[in-house]
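Heads up: take any position in the sequence shown, counting from 1, add 3, and you land on the working numbering.
No lab work stands behind these hints, which were simulated from the structure alone.
Mixed in with the good hints there might be a few duds.
As the list claims (entries may be wrong) - Label-pair distances were calculated between CB atoms; the ranges are:
id, residue 1, residue 2, range
1, T108, N132, 37 to 47 angstroms
2, I83, Y147, 21 to 31 angstroms
3, T108, Y35, 16 to 26 angstroms
4, I83, S195, 38 to 48 angstroms
5, V53, D84, 39 to 49 angstroms
6, L211, I112, 45 to 55 angstroms
7, S123, N97, 46 to 56 angstroms
8, A27, N58, 45 to 55 angstroms
9, T144, Y259, 28 to 38 angstroms
10, N58, K20, 34 to 44 angstroms
Since we're looking at a predicted model, the values are computed, not measured.
C-beta: ideal position from N, C-alpha, C; glycine also.
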Amino acid sequence: MGVIIFSFKSATKLMDKLTQILGAMMILLIGYVAFSTNPPVGTAVKETFVPSSINLMAIITLIGGTVGGYIMFSGGHRLIDAGIVGEENLPQVNKSAILGMSVATIVKIFLFLAVLGIVSLGNQLDAGNPAADAFKIAAGTVGYKIFGLVFLAAALTSIVGAAYTSVSFLKTLFKVVKDYENLFIIGFIVVSTLILIFLGKPVKLLVLAGSLNGLILPITLSITLIASKKAEIVGKYKHSNILFLLGWVVVVVTAYIGVQSLSKLAGLFA
């Protein structure tokens, strides 16, 4: 499907519409399953703010899967390609960033509640495919079908977004990439697919990707924070000093957690 989308000249417009539709579909479907399991929301809220145990690997994976890595630049690159640049468009840029992170966060919360509702009842999940098993236990065959749709939606948005963003970085460095952007995106998708086919282990690859993205976050965020104070880059825009300081706090915390979780990453494929 990703290859088909980028086979058209109007690929970016198709990509925009596809992500909007699939994002809404994921929220509705996962939300239905989440609330059908009747999860202990009170316990979830308590453990979120006052956890009985702290898993650094889980924290860095969740952070990396939401705002880490290079995928967070996909929205920005798409806005640039659409000509939405300059200080006058800052409100729309902020709106796009907040909306993107909000959708990702809502999906993660609903998915967590769905699995929590199942586990809290004493059910054992299949370690090879825990998310699918949770949906099946929650809503039977219908739940299994819903998971298939959710997985398809998540896969398509991730494939399209990651491939587009990867190539959008390269096209600023190499003219040939800019001239044949869609072909390079298709090639990226094909190579990534072959890696998954021959390597397998989708769950471990997903955890690995989220964790590595979490490690990339302090690097990209620190560069962004430095750039936010350079007038030749941001013009007359004045970045909040409070947000600037909080940003560096996030850099330090995520860097520490990322380094601490490195030893566990090595054991994923042991």
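Numbers of unmet hints, in rising order
Hints 1, 2, 4, 6, 7, 8 and 9 contradicted; others consistent.
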